[in-house]
Amino acid sequence: MREVTATVLENKRIADEIYSLTFATEEEIRVRPGQFVMVGVGGFPLRRPIAVCKAEGDRVTVCYRLKGAGTRTLARDYRMGEKLSVLMPLGNGFYVKENEKKIAVVGGGVGIFPLISAIREYSKNRQVYAYMGFRNRAAVCMEYDMTRGEKLVIATDDGSAGFHGTSVQAFMQDVDMVCPDVVLACGPTPMLRALKVAMKGRVIPVYVSLEERMGCGIGACLVCVCEKTDGAHARVCKDGPVFDVRDVVL
Amino acid sequence: MADLSVELCGVKLKNPVIPASGTFGFGREFDEIYDISCLGAVATKGIALVPWSGNPVPRIAESRGVILNAVGLQNPGVEKFIAEDLPWLKQKTRVVANVVGRTFEDYEGVCARLNGLVDFLELNISCPNVKSGGMAFGIRPETIEEVTARAKGRCPDTPLIVKLSPNVESIARNAQAAERGGADALSLVNTFTGLAIDIERRRPVLANNTGGVSGAGIKPIAVRMVYEAAHAVAIPVIGMGGITCAEDAVEFLMAGAVAVQVGTQNFTDTRACPKIIAGLNAWCDAHGVARVRELTDTLQFNG
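Chains as they are written, first to last, in our numbering: chain P, 330 to 579; chain Z, 11 to 313.
If you are wondering where the hints come from, they were derived from the structure by calculation, not from laboratory data.
Be a bit skeptical, because a hint or two may be false.
In silico contact screen, one side only, chain P against chain Z (beta carbon under 8 angstroms); selected entries [unchecked claim]:
no., residue
1, MET330
2, GLU332
3, VAL333
4, GLY369
5, PHE373
6, PRO418
7, GLY544
8, ILE547
9, HIS562
Pairwise CB distance ranges, derived in the manner of DEER restraints [to be verified]:
no., chain 1, residue 1, chain 2, residue 2, range
10, P, CYS508, Z, ARG74, 48 to 58 angstroms
11, P, ALA353, Z, ALA182, 46 to 56 angstroms
12, Z, THR220, P, GLN498, 34 to 44 angstroms
13, P, SER489, Z, ILE207, 29 to 39 angstroms
14, P, ASP345, Z, LEU205, 29 to 39 angstroms
15, Z, ARG211, P, CYS508, 37 to 47 angstroms
Below, in silico cross-link-like pairs of lysine to aspartate or glutamate (DMTMM-like), each with a Cα-Cα straight-line distance of 25 angstroms or less [unchecked claim]:
no., chain 1, residue 1, chain 2, residue 2
16, P, LYS557, Z, GLU94
17, Z, LYS102, P, ASP406
18, P, LYS567, Z, ASP41
19, P, LYS567, Z, GLU42
20, P, LYS567, Z, ASP45
21, P, LYS567, Z, GLU89
Even for Gly, the Cβ is constructed at its ideal location relative to N, Cα and C.
For reference, chain P alone in the conformation it holds in the complex:
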């Protein structure tokens, strides 16, 4: 975990309300799939937590949705060459065991971006089946980066592209045929909840990456907690963002 001054290489709109920001760090910083960064935006007291989509050498790409004043400022003011204060890498990231050779990734909304880092990493030596959900055709992006695995299913809520329905529905149609060793998921809480319910009774482990409003991003302030099934609170930024779906209340 480091605080670095990065240089913006590219910050562009890639879909409806979605931006892709690529920056260079002074030296290579190893990032695991599912880890995130905290990006400082000038004039705002809080950094913005954003999942890493790609990390290659000293280049890191994160994707974000325009949500409020902070992300709008990030999209508008941080052009090529601008300096950016970044805390990274943060969180535990995904964990896949050596013997888990067949991986399913199920994503929705901005939850697809950390899964892209998982597809890129794990498709090198394992079979990856991807189920990615979008609102509609205009929201679909980064298809090329998602096609590295064995299979990619695009799902849209309105059926304007690919499977008509959610990524969870698309995945559940395939699950018995694919028989994945592990499932990695990220997306809105209702989507993760639907996945948890659908996978109940199966022995396939499911790991979910959670999102929460954060303060420090490094585990000190106890702002971004989630409730665990044993009643305790876990820190999404430090103990997560990836949890075994059985351990958290969704």
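On the provided structure of chain P, position chain Z as indicated by the hints.
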């Protein structure tokens, strides 16, 4: 190179910069970014007699120049602190153990348990985010005096700092009440109670509805309150509220503070505290100030 050391209740700090309670955990996470032994002291996360789970999420919101938090004093309890964090933190720097409670007995219990084990105790009677306890003790002078006296009775060997709420009628009267109760020092201000609204949902952003406002935007109010408190009592005052840089810290010192705490800025800039320490040194050098402690209470009001 200016002398940055200050003395607080007979305890020497290498500099007057202390990360504020609740923004710094017990120091371990920030120590991964920089060596926290450079700090004058560390004010810990609020510590209760038993573990507290805190409030539902969302616990944080942002507004222009400020944040609102309603963490609700989630903490692992005093025994876990003593076993797992205190030995490590003590070998780093001075320890200000922030104490929270819901009853008089809670405060007494934690103070008794930590008496002699830490460098300072800081009585948090000013948290706006818990329903019972916290700020309930910190509003009226009578309860401030009573809780201070009862806590001080159980920690005779450790200096007791009372952390005051700004959500009060008279900060001067409350400062005097803590002094009468036997406080060895005061710290202020804790957060201002605020409300941020998500206008699309027509609901508060925070699950707790209201939260404590902190950050750069509160600084002028905090400086004024530190001035009023420092001039109402004889005991030393630690100033805080919206400090983002060394120049802000100098304002609090001039207003009457002996040391300062830095809170929200730790989120904005993880290295805020060491930068403020370096900045204080540079400011003193540039202004011919040999010892930072000479800045305390040097404000001259217009006639």
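Hints versus structure:
The interface hint given for P/MET330 is met, as the beta carbon of that residue sits about 5 angstroms from the closest beta carbon of chain Z, less than 8 angstroms. For the restraint placing P/GLU332 at the interface with chain Z, the shortest Cβ-Cβ distance is roughly 5 angstroms, inside the 8 angstroms limit, so the hint holds. Given the 8 angstroms rule on beta carbons, the hint for P/VAL333 is violated: about 11 angstroms separates it from the nearest Cβ of chain Z. Here the hint on P/GLY369 is kept, as its CB sits about 7 angstroms from the closest CB of chain Z, short of 8 angstroms.
Restraint check, P/PHE373 versus chain Z: the minimum CB separation of about 7 angstroms is within 8 angstroms; hint holds. This hint is violated: P/PRO418 has a C-beta 12 angstroms from the nearest C-beta of chain Z, more than the 8 angstroms allowed. For P/GLY544, the suggested interface contact is upheld, since its CB lies about 5 angstroms from the closest CB of chain Z, less than 8 angstroms. For the restraint placing P/ILE547 at the interface with chain Z, the shortest Cβ-Cβ distance is roughly 4 angstroms, inside the 8 angstroms limit, so the hint holds.
Of the supplied interface hints, the one on P/HIS562 holds, with its beta-carbon coming within about 6 angstroms of a beta-carbon of chain Z, less than 8 angstroms. The hinted range of 48 to 58 angstroms is satisfied by P/CYS508 and Z/ARG74, whose Cβ atoms lie roughly 52 angstroms apart. As the Cβ distance of P/ALA353 to Z/ALA182 is approximately 54 angstroms, the hint placing it in 46 to 56 angstroms holds. A hinted range of 34 to 44 angstroms for the beta carbons of Z/THR220 and P/GLN498 is consistent with their spacing of about 40 angstroms.
Separation of P/SER489 from Z/ILE207 is about 35 angstroms and conforms to the stated range, judged on CB atoms against 29 to 39 angstroms. Evaluation of the 29 to 39 angstroms hint for P/ASP345 and Z/LEU205 yields a pass: the beta carbon distance comes to about 32 angstroms. Judged by the Cβ atoms, the range 37 to 47 angstroms given for Z/ARG211 and P/CYS508 holds: they are separated by roughly 41 angstroms. Our distance criterion of 25 angstroms between C-alpha atoms is met by P/LYS557 and Z/GLU94, whose separation comes to about 22 angstroms.
Distance check on the hinted pair: Z/LYS102 and P/ASP406 sit about 40 angstroms apart at the alpha-carbon level, beyond 25 angstroms; violated. With a C-alpha separation of about 14 angstroms, the suggested pair P/LYS567 and Z/ASP41 falls inside the 25 angstroms cut-off, and the hint holds. Pair hint P/LYS567 plus Z/GLU42 holds up; C-alpha atoms about 13 angstroms apart against a cutoff of 25 angstroms. Taking the CA atoms of P/LYS567 and Z/ASP45, the gap is about 19 angstroms. The hint holds against a cut of 25 angstroms.
For the hint linking P/LYS567 to Z/GLU89, the alpha-carbon distance of about 22 angstroms falls within 25 angstroms, and the restraint holds.
Violated hints, in rising order: 3, 6 and 17; the structure is consistent with all others.
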